[in-house]
Amino acid sequence: PSAISRAPAGRNWAHVNSVSYDPRDDSIIISSRHQSAIIKIGRDKKVKWILSDPSGWKGELAKKVLKPVDSNGKPLTCEAHHCDGGFDWTWTQHTGWLVPSKSTGGKTVVTAFDNGDARGMEQPAMPSMKYSRGVEYQIDEKNMTVSQMWEYGKERGFDWYSAITSVTEYRPETKTMFMYSATAGMSGTKPIVSVLDEVKDGTQDVMLELKVHSNRAGMLGYRALIIDPEQMFKK
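Quick note on the working numbering: the sequence shown kicks off at 15 and runs consecutively.
Please note that a few of the clues may not be correct.
Claimed, not checked - Distance windows between CB atoms, simulated:
(1) Tyr236 with Ser201: 28 to 36 Å
(2) Trp71 with Asp39: 35 to 43 Å
(3) Asp39 with Lys81: 35 to 43 Å
(4) Gly99 with Gly56: 39 to 47 Å
Stated by the list, open to error - EDC-like, lysine to aspartate or glutamate: derived pairs with alpha carbons at most 16 Å apart:
(5) Lys78 with Glu155
(6) Lys81 with Asp98
(7) Lys62 with Asp39
(8) Lys121 with Asp36
(9) Lys59 with Asp40
For the record, the hints were derived by calculation from the structure and aren't laboratory data.
Ideal placement from N, C-alpha and C gives every residue a C-beta, glycine not left out.
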């Protein structure tokens, strides 16, 4: 186990699992799993915005929490950790990444793998009721609002659910979303089957799906990325 996993309670309050740099305003976007929050922070170390369920944020930080809106900019009604219109926040997410090719005209687009543990600040009656999502958000930094542009995985249920790790990444060269559900359907008795999917941007159309079978229970996947050797060694 890592030093973090052996640390006393309270030491790992943030658990940052990704960092993206936004050169437009010299800021970083972090994914804080243990806060179920994606946060933008400036070079001056001040928080610019927080993409998270508003519950629990206080003082100045509460003012930084983005307000959910629909695709037309109309505010959504949110109660008890849930919103109408199909919008949802991320819960214990990974890879809260900036999408530079879509972040134009004062709008910021981020993707994330919404693991979905403790979704809605509760655990369901049965673990098999859990699900994960690949999700894409558009943020209006001027008006401090956020809209959900796309999601995938909810309909696949527990078989595609990963409690930990995993990836969602937009690929501009193919206009697809790549997702890696690294610990899909994990239980204590069966080997894990990690699932890799590439989905046509803005749709539910699966272009490719691969399954990677572990040889014993407890063998976990972490990250998977598509690497093009021609691009890696390009001058």
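Do the hints match the structure? See the list:
1. Tyr236 with Ser201: 28 to 36 Å: Distance hint for Tyr236, Ser201 is violated at roughly 18 Å.
2. Trp71 with Asp39: 35 to 43 Å: With a Cβ separation near 22 Å, Trp71 and Asp39 fall outside 35 to 43 Å, so the hint is violated.
3. Asp39 with Lys81: 35 to 43 Å: violated (20 Å)
4. Gly99 with Gly56: 39 to 47 Å: Because 30 Å falls outside the window, the suggested range is violated.
5. Lys78 with Glu155: Within the cut-off at roughly 10 Å; holds.
6. Lys81 with Asp98: holds (13 Å)
7. Lys62 with Asp39: holds (11 Å)
8. Lys121 with Asp36: holds (12 Å)
9. Lys59 with Asp40: Judged against 16 Å, a Cα distance of about 11 Å means the pair holds.
The structure fails to meet hints 1, 2, 3, 4 from the earlier list, while all remaining hints are met.
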